[in-house]
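Visitor: Below are the chains, spelled out letter by letter.
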Amino acid sequence: MASPQQQQTFKDPVTEANPKPDVAKAGASMKLTARNINFFYGQFQALHDISLDIPSNKVTAFIGPSGCGKSTFLRTMNRMNETLRNTRVEGDLKLDGENLFDMDVTDVRRRVGMVFQKSNPFPKTIFDNVAYGLRVNGIRKSSILSEAVERSLKRAALWSEVKDKLNKPASALSGGQQQRLCIARALAVEPEVLLLDEPCSALDPIATLKIEELLFQIKDITTIVIVTHNMQQAARLADFTGFFLMGKLIEINDTKRIFQNPGMKETEDYVTGRFG
Amino acid sequence: MMMEISTSRRFINGFMLTLSGICTVLVVSVLFFILGYLLIHGATSLNWDFFTKLPKPAGETGGGMANAIVGSGKVLLLATVIGVPIGFLAGVFLAEYSGKTFAFAIRYVVDLLNGVPSIVIGIVAYALVVRPMHHFSALAGGTALGIMMIPIAVRTTEEFLRSVPVNIREGAMALGATKATTIFTVVIPAAISGLTSGMMLNLARVAGETAPLLFTALGNQYWSKGYLAPIATLPVMIYNYAISPEEDLHKQAWAAGFVLLTLVLVINVSARLIIARGPSAQRR
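Residue numbers (my numbering), protein chains in the order written: chain S, 1 to 276; chain V, 1 to 284.
These aren't lab readings, by the way, just hints derived from the structure by calculation.
Each hint should be verified, as a subset may be incorrect.
Said to hold, decoys possible - Some chain V residues close to chain S (C-beta under 10 Å, calculated; not the full set):
no. : residue
1   : Gly14
2   : Glu159
3   : Ser163
4   : Val166
5   : Ile168
6   : Arg169
7   : Ala172
8   : Pro189
To be verified - Just the calculated beta-carbon pair ranges, DEER-fashion:
no. : chain 1 : residue 1 : chain 2 : residue 2 : range
9   : V       : Ser270    : S       : Phe40     : 20 to 26 Å
10  : V       : Arg131    : S       : Phe40     : 44 to 50 Å
11  : S       : Asp96     : V       : Leu77     : 55 to 61 Å
12  : S       : His229    : V       : Thr18     : 53 to 59 Å
13  : S       : Lys248    : V       : Phe184    : 39 to 45 Å
14  : V       : Pro165    : S       : Asp96     : 29 to 35 Å
15  : S       : Asn57     : V       : Leu77     : 40 to 46 Å
16  : S       : Lys163    : V       : Val116    : 53 to 59 Å
17  : V       : Ala180    : S       : Lys219    : 30 to 36 Å
18  : V       : Lys179    : S       : Asp164    : 53 to 59 Å
19  : V       : Asn268    : S       : Asp102    : 50 to 56 Å
Since this is a predicted model, take the numbers as computed values, not measurements.
In this text, a Cβ means the ideal position worked out from N, Cα and C, and glycines have one as well.
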């Protein structure tokens, strides 16, 4: 759990804009730090001056209504938005103190993994799906690959269900299994941060529960950032929760605070369902 | 306001419906009519000899078209080797790398190329291959058909690559794959059944081309050695036999037409089977 000082750093997004001593003090345990991030789709500004810190080995959730920019911000953190034409990002984003926008983009994406809203297994076997990230990063030795595949599938709580059919096509799995396969695939390259973009929105409650359990399990090996529409999910899973509205970060704080005693009126309206 | 449907409108409706029904039956039956017609006229020549023997010298009856069957295969193989890689890689560029304006220009040019009459492409192959080498050859025929395959190869590749969902590409890139790696390890494999069947349909389309082969592959009464000599092909054989005065040769031409059409149909049907069973079908 974060110390009270750390929580202070989340408190006020307005003063966050100017990095202050508190941030530096807490810097040691901050995996990602974003300062004054603006993002544009063509002329449209989707993110306004977002500043926040993502603490190491914690689950941070972003909540907010559709179109509020939470997914856009998530996709900024592994530079996935760069694959879209006619987009532009401004501001400062650091991974372990290193400027993310100066790093090699494939390096960023290996260190900052991502799981998407709709499960997207490749049209390959289960094994080849999980091994894909390792292979494109130059690992060829089959003993290393099969070890990593087993480890990743175990972490994604899928091993017992697929261990006898690793050479079957991934498309043969159920929706929930496919999403766990995608998580295993992301974990195989041992990312330092795992970004999840509404990973459970297409899944039934049981599959959702399985994924939440496994996210809880992998917290000690990776830092998790999850975008969710489901506030109960944020409350169950996250150590910290940020609330986005109209491209702005309204506030980010300890999850309990956000849901029980939020600092901003907009947050309170949203989490109590009085929004709009 | 209520509308009374007048008797004349009822009549016109019934008449047009019947007419379009008859036309549909006509369309469907044309293929079977052609198949049956070819079979009736060529059936007597369609025997084992037809597939295994060489053509008989002028004046004698019997013999077969073994050299033309093999020759068509060789020319089509060359056409595939020449046309598919060029068209495929251009299609990859068109689908994945070209900007909007540039893509529009490429597509336009490719569609124009598709509209070039086949005889003109034959002349080009004549100028490019036959003239410098001083003789007709399988290579020249293959070049002509290969050029004819390019536009469809480009557009097929573009369409099937574009149909691969964005989320699969993003999945690969999110794991640290470069764009090129993503295309060759995920996007193309995802589209492979569509690509394969597209190329097969493309091949089937040029398999019956005659005009560009007349003065490139030329024809040959005997077996053709290698790829640099004149070679017999089914379409040219049909043409030569059909304009000859001998009844027996006419029958052989009908039989050859039947074999050629069957070949094309088999390629077509298997292409469609591949696309129906392939991985890209599962994601539609």
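Visitor: State for each hint whether it applies.
Guide: Hint by hint, here is what the structure shows:
1. Gly14: Hint violated; glycine 14(V) Cβ to chain S Cβ min 49 Å, cut 10 Å.
2. Glu159: Cβ of glutamate 159(V) sits 17 Å from chain S, so the hint is violated.
3. Ser163: violated, 13 Å
4. Val166: holds, 9 Å
5. Ile168: holds, 5 Å
6. Arg169: holds, 8 Å
7. Ala172: holds, 7 Å
8. Pro189: Holds: closest Cβ of chain S sits about 6 Å from proline 189(V), inside 10 Å.
9. Ser270(V) / Phe40(S): 20 to 26 Å: violated, 50 Å
10. Arg131(V) / Phe40(S): 44 to 50 Å: Since arginine 131(V) and phenylalanine 40(S) have Cβ atoms about 58 Å apart, the given range 44 to 50 Å is violated.
11. Asp96(S) / Leu77(V): 55 to 61 Å: holds, 56 Å
12. His229(S) / Thr18(V): 53 to 59 Å: holds, 56 Å
13. Lys248(S) / Phe184(V): 39 to 45 Å: holds, 41 Å
14. Pro165(V) / Asp96(S): 29 to 35 Å: Cβ of proline 165(V) to Cβ of aspartate 96(S): about 33 Å, so the range 29 to 35 Å holds.
15. Asn57(S) / Leu77(V): 40 to 46 Å: violated, 60 Å
16. Lys163(S) / Val116(V): 53 to 59 Å: Cβ of lysine 163(S) to Cβ of valine 116(V): about 57 Å, so the range 53 to 59 Å holds.
17. Ala180(V) / Lys219(S): 30 to 36 Å: holds, 35 Å
18. Lys179(V) / Asp164(S): 53 to 59 Å: violated, 35 Å
19. Asn268(V) / Asp102(S): 50 to 56 Å: holds, 54 Å
Figure legend: structure checked against the earlier numbered hints; hints not met, in rising order: 1, 2, 3, 9, 10, 15, 18.
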